[in-house]
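Asker: Top to bottom, those sequences are chains A and B.
For the record, in the first sequence the residue sitting at position 14 is 16 according to my numbering, with numbers rising by one throughout.
For the record, in the second sequence the residue sitting at position 22 is 24 according to my numbering, with numbers rising by one throughout.
Heads up, a few of these hints could be off.
The list treats identical chains as interchangeable, and a pair is accepted whether it falls inside one copy or across any two copies.
Stated by the list, open to error - The calculated EDC-like cross-link candidates involving lysine to aspartate or glutamate, where the alpha carbons are at most 16 Å apart (straight line), are:
#1 27 x 40
#2 16 x 43
#3 54 x 78
#4 27 x 59
#5 47 x 78
#6 16 x 60
#7 23 x 60
#8 47 x 62
#9 50 x 78
#10 16 x 61
#11 27 x 61
#12 16 x 59
#13 23 x 52
#14 50 x 12
#15 54 x 12
#16 23 x 51
#17 50 x 62
#18 27 x 62
#19 27 x 43
Keep in mind that the hints were calculated from the coordinates and are not lab data.
Note that the structure is predicted; figures quoted are calculated from it, not measured.
Here are the chains, one letter per residue:
Protein chains: 2
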Amino acid sequence: MPVFTILVYDVGEKRVARVLKTARKYLHWVQNSVLEGEITDANLKRLKEELKKISKEEEDSFIFYTFRTERYYSREIYGIKKGGHDMFL
Amino acid sequence: MPVFTILVYDVGEKRVARVLKTARKYLHWVQNSVLEGEITDANLKRLKEELKKISKEEEDSFIFYTFRTERYYSREIYGIKKGGHDMFL
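Excised from the complex, chain A in its bound form (with noise of 0.2 Å):
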């Protein structure tokens, strides 16, 4: 069954360029270093594995939000929306 995630990032600027390109072959690009999705727990360790690959531990720093259910849960945008996909508010 596919969680909800978030992922929100903060890595050095040399490394920005690859991590965005390595998380948005499995979750939506929604604002400044942070995508969301559905993703199946093995793509999600998949993602987890790559990103280590491409970042440095003692500089990078990544949160993975995951929700296993969607009914709690809201999302709601202020001002401009930058993403480009269409998500239920």
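Use these hints to put chain B onto chain A, whose structure you have.
Answerer: Same frame as chain A, but now just chain B:
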């Protein structure tokens, strides 16, 4: 009942400090442009109103993720931990 909320924002350079200062009254800073924490509906409303007053709707972007239950929620950090407070992982 407080809800768990994640706030991510992408705002104009001139407004970053004020936005962060306002958001920190209600949530914990965890990473560049990311705050989180338990917040009552009333305070969430206040936070949104205060942010609206100090931001430019046509330039700035805020996303509020709110979760009514933490039962299905998990949070995992990889790399350096930036935020100050300790959250159950």
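Asker: All hints are to be evaluated individually against the structure, with a verdict given for each.
Answerer: Each hint, compared with the structure:
1. In the homo-oligomer, the alpha carbons of residue 27 and residue 40 lie at most 16 Å apart inside one protomer (12 Å), although the nearest pairing across protomers, at 31 Å, exceeds that limit.
2. Within a single copy, residue 16 and residue 43 get their C-alpha atoms no closer than 29 Å, and across copies no closer than 40 Å, so neither meets the 16 Å cut-off.
3. When the C-alpha separation of residue 54 and residue 78 is checked against a cutoff of 16 Å, the pair qualifies only between copies, where the shortest distance is 13 Å, while the shortest distance within a copy is 30 Å.
4. For the homomeric pair residue 27 and residue 59, neither the shortest alpha-carbon distance inside one copy (21 Å) nor that between copies (30 Å) is at most 16 Å.
5. In the homo-oligomer, the alpha carbons of residue 47 and residue 78 lie at most 16 Å apart only across protomers (12 Å), although the nearest pairing inside one protomer, at 28 Å, exceeds that limit.
6. With identical chains, the CA atoms of residue 16 and residue 60 are at most 16 Å apart within one copy only, with a shortest distance of 15 Å there and 30 Å across copies.
7. In this homomeric assembly, residue 23 and residue 60 never come within 16 Å of each other (Cα to Cα): the closest approach is 21 Å inside a single copy and 27 Å across copies.
8. In the homo-oligomer, the alpha carbons of residue 47 and residue 62 never lie at most 16 Å apart, since the shortest distance is 18 Å inside one protomer and 33 Å across protomers.
9. With identical chains, the CA atoms of residue 50 and residue 78 are at most 16 Å apart between copies only, with a shortest distance of 10 Å across copies and 27 Å within one.
10. For the identical chains of this complex, residue 16 and residue 61 are intra-copy neighbours only, at 12 Å inside a copy versus 26 Å across copies, given an alpha-carbon limit of 16 Å.
11. For the identical chains of this complex, residue 27 and residue 61 are neighbours neither inside a copy (23 Å) nor across copies (28 Å), given an alpha-carbon limit of 16 Å.
12. Taking the shortest alpha-carbon separations for residue 16 and residue 59, only the intra-copy value of 14 Å comes in at or below 16 Å, while the best inter-copy value is 31 Å.
13. Within a single copy, residue 23 and residue 52 get their C-alpha atoms as close as 11 Å, which meets the 16 Å cut-off; across copies the closest is 35 Å, which misses it.
14. In the homo-oligomer, the alpha carbons of residue 50 and residue 12 lie at most 16 Å apart inside one protomer (15 Å), although the nearest pairing across protomers, at 24 Å, exceeds that limit.
15. Proximity of residue 54 to residue 12 under the C-alpha cut-off of 16 Å is restricted to the intra-copy arrangement: shortest distance 13 Å within a copy versus 25 Å between copies.
16. Within a single copy, residue 23 and residue 51 get their C-alpha atoms as close as 14 Å, which meets the 16 Å cut-off; across copies the closest is 35 Å, which misses it.
17. For the identical chains of this complex, residue 50 and residue 62 are intra-copy neighbours only, at 13 Å inside a copy versus 30 Å across copies, given an alpha-carbon limit of 16 Å.
18. Taking identical chains as interchangeable, the C-alpha atoms of residue 27 and residue 62 are never at most 16 Å apart, the minima being 20 Å within one chain and 26 Å between chains.
19. Taking the shortest Cα distances, residue 27 and residue 43 sit within 16 Å of each other inside one copy (15 Å), while across copies they are farther apart (35 Å).
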